[in-house]
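Visitor: The lines below spell out each chain.
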Amino acid sequence: MAIFTRAPKAEPILGQNRLVAALLGLLTWFIGLLFFFPLFWLVLNGFKEESVANASPTLIFDPTLDRFSEVTEANSGLLSFAEAFGNSFWIVLISTVLVMILAVPAAYALAIRPMRKWRDVLFFFISTKFLPIVGVIMPIWIIARDLNLLGTRTVLVVLYTAMNLPLAVWMLRSFFAEVPKELIEAAQIDGCSLLGQLRQVILPIVAPGLAATALLCVIFAWNEFFFAIQLNPTGASTMPVWVNSQQKFQGQFLAGLSAASVLATLPVVVAGWVAQKRMIRGLAMGAIK
Amino acid sequence: MAEVRYEAASRLYPGSEIPAVNELNLDIADGELLVLVGPSGSGKSTALRMLAGLETVTSGSIHINDVDVTLKPPQDRDIAMVFQNYALYPSMTVAENMGFALKQAKVSKEQRAEQVREAARILDLEPYLDRKPKNLSGGQRQRVAMGRAIVRSPQVFLMDEPLSNLDAKLRVQTRTELVDLQDRLDTTMVYVTHDQVEAMTMGHRVAVLKDGILQQVASPRELYRRPKNRFVAGFIGSPAMNLLDVDRADGQFALAGTTIELTDEMRAAAAAVDGTTFGVGVRPEHLKFTSSGSGIAGEVSVVEALGSESFLHVKVQHEGREQVLVVHEAGDTELVRGDNVTIVVDGPVHVFSPDGESV
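Heads up: the protein sequence lines correspond to chains A and B, in order.
All the letters of the first sequence, read from the start, carry residue numbers 1 to 289 under the numbering used here.
All the letters of the second sequence, read from the start, carry residue numbers 290 to 648 under the numbering used here.
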């Protein structure tokens, strides 16, 4: 599972014909912009007055930051921006840390010291992702209610940990599997304990993989909406629920909702951008020949 | 300073019928450089890894200095190993790589630095101590791997094809350096290679393995002169011994129609063996061209002139089929492809019984 690797510069397949190449380039740009457009429209709307946002679309308008200050300062609803951001921050952070703590030993075992039927174990992990969440939300809701966890941050921490764990195990396993076996054997011969091998030899090599995995867990947990709205729709909830709460039953809200969406998207975009620059894998470079 | 002993040591991989190493009995003397050689799949690496503690010994035992280490983990065997791909820790500098084992053994920082410097001096690695492995050439990495092994003064060095990733010239140079180093340190070394030239030039003794079974263990000279069976005869020596199937007729062996002169004891030994199809082997340097008429008639098909010596491939008719004999000539040769030549045997002949054993 190679994430954030750069493909080598491809030779143009139809490169003999410059016209074809140019047309293909144009098509690529068109498709790319098509994908980018909704986000672009969203960001633009965030800087408009409500009346302008609800009128027919225009590129020429007086940009304003009022919508951003409105949505961040408003405290009329059940959940303020500051609360939602804080909740999201802690829930995402704690669940991701838990995922990594649980997934690293599991992935190590599966990749480096596989037991019999390790493939079945791996399949079991991923099979938990097959079930549609709507199908199991009722039992989860009832269990959460009986444990007095409805409307708490704890329930989301637990669920996000469970949700991201299979993915993290799969990703980390593939990173661990790339650690040359001889390195671990060399460490064994050098008298390194099991924990020492993991800490001093393996983790430095898989560090970019760990970072990539953690980042994906952060993104998935940050974006999760369904569990949050079902189990925790009020004061202890997260950014997606807060964005959702910007829909009003009366009056115009398109610009405000856009501004809220931009605020919810920003941390993930920034994190992804920073990570992409840093996480191009230097995995195991120099270890083997 | 250690003797190593394999006692009927076997390794059977789960799900496999045939052991990768089959009842290996081998004594390695203190300070000896023993080479394990064989084709791929012969079990030589497995045998080494069993000694390292990286492979389970399914049956039998392994002893280092009369201590049974069969069940001991690698870190308790006081051995050092150099891997084919060096297995340097990529996140550590050269000095950290070399000092890693000492650090695990809780050696003080000052003493560690001292020992690493000493090893680096021996291996000419002093200018590179602060570099990461990825900033080193292949030869330098190989030396760091060596340094990591020698820095801790282990009982036994284990080498798993340590030179096979070097280019030909560097390999020859490193080979002699390694022999010299082993001699100076006087530490027992077990060296695995598939390259019979390496085996012959480096080993005090050489153990030849095939299909997990030890074929012969002897000094390089002994292996060359008196191979115990047909496999060893064909494996040791470059170019390989000329080995042909020969049907015994009237107690005599004929190579391409020419009867081979055998010593009395060989003739007696061969007579004691039943069967008709024997193997007859002659090394290239024990075949000569003659101009006096009688001998094996053939036609030169390939000329390999190396300058200092030449190898000529000669097509002959042997028992109704075309076979090739390789003939060694010292210096340059004047023969060219297509020349008709006559060959005579001038040197020892090896005869192998139908089941491949030397007679």
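Just to be clear, a hint being listed does not mean it is correct.
In silico DMTMM-like pairs for lysine to aspartate or glutamate, Cα to Cα no more than 25 angstroms straight-line [to be verified]:
{"hint": "1", "chain 1": "B", "residue 1": "Lys395", "chain 2": "A", "residue 2": "Glu182"}
{"hint": "2", "chain 1": "B", "residue 1": "Lys392", "chain 2": "A", "residue 2": "Glu185"}
{"hint": "3", "chain 1": "B", "residue 1": "Lys423", "chain 2": "A", "residue 2": "Glu73"}
{"hint": "4", "chain 1": "B", "residue 1": "Lys421", "chain 2": "A", "residue 2": "Glu185"}
{"hint": "5", "chain 1": "B", "residue 1": "Lys392", "chain 2": "A", "residue 2": "Glu70"}
{"hint": "6", "chain 1": "B", "residue 1": "Lys395", "chain 2": "A", "residue 2": "Glu178"}
{"hint": "7", "chain 1": "A", "residue 1": "Lys181", "chain 2": "B", "residue 2": "Glu450"}
{"hint": "8", "chain 1": "A", "residue 1": "Lys181", "chain 2": "B", "residue 2": "Glu385"}
{"hint": "9", "chain 1": "B", "residue 1": "Lys423", "chain 2": "A", "residue 2": "Asp62"}
{"hint": "10", "chain 1": "B", "residue 1": "Lys361", "chain 2": "A", "residue 2": "Glu185"}
{"hint": "11", "chain 1": "B", "residue 1": "Lys499", "chain 2": "B", "residue 2": "Glu511"}
{"hint": "12", "chain 1": "B", "residue 1": "Lys423", "chain 2": "A", "residue 2": "Glu185"}
{"hint": "13", "chain 1": "B", "residue 1": "Lys577", "chain 2": "B", "residue 2": "Asp563"}
{"hint": "14", "chain 1": "A", "residue 1": "Lys181", "chain 2": "B", "residue 2": "Asp365"}
Bear in mind the hints are in silico, worked out from the structure with no lab data behind them.
For clarity, every value in this text was computed on a predicted model and none was experimentally measured.
Visitor: Hint by hint, work out which the structure violates, then give me just those numbers in ascending order.
Guide: When the structure is compared with the hints, numbers 3, 5, 6, 9 and 13 turn out to be violated.
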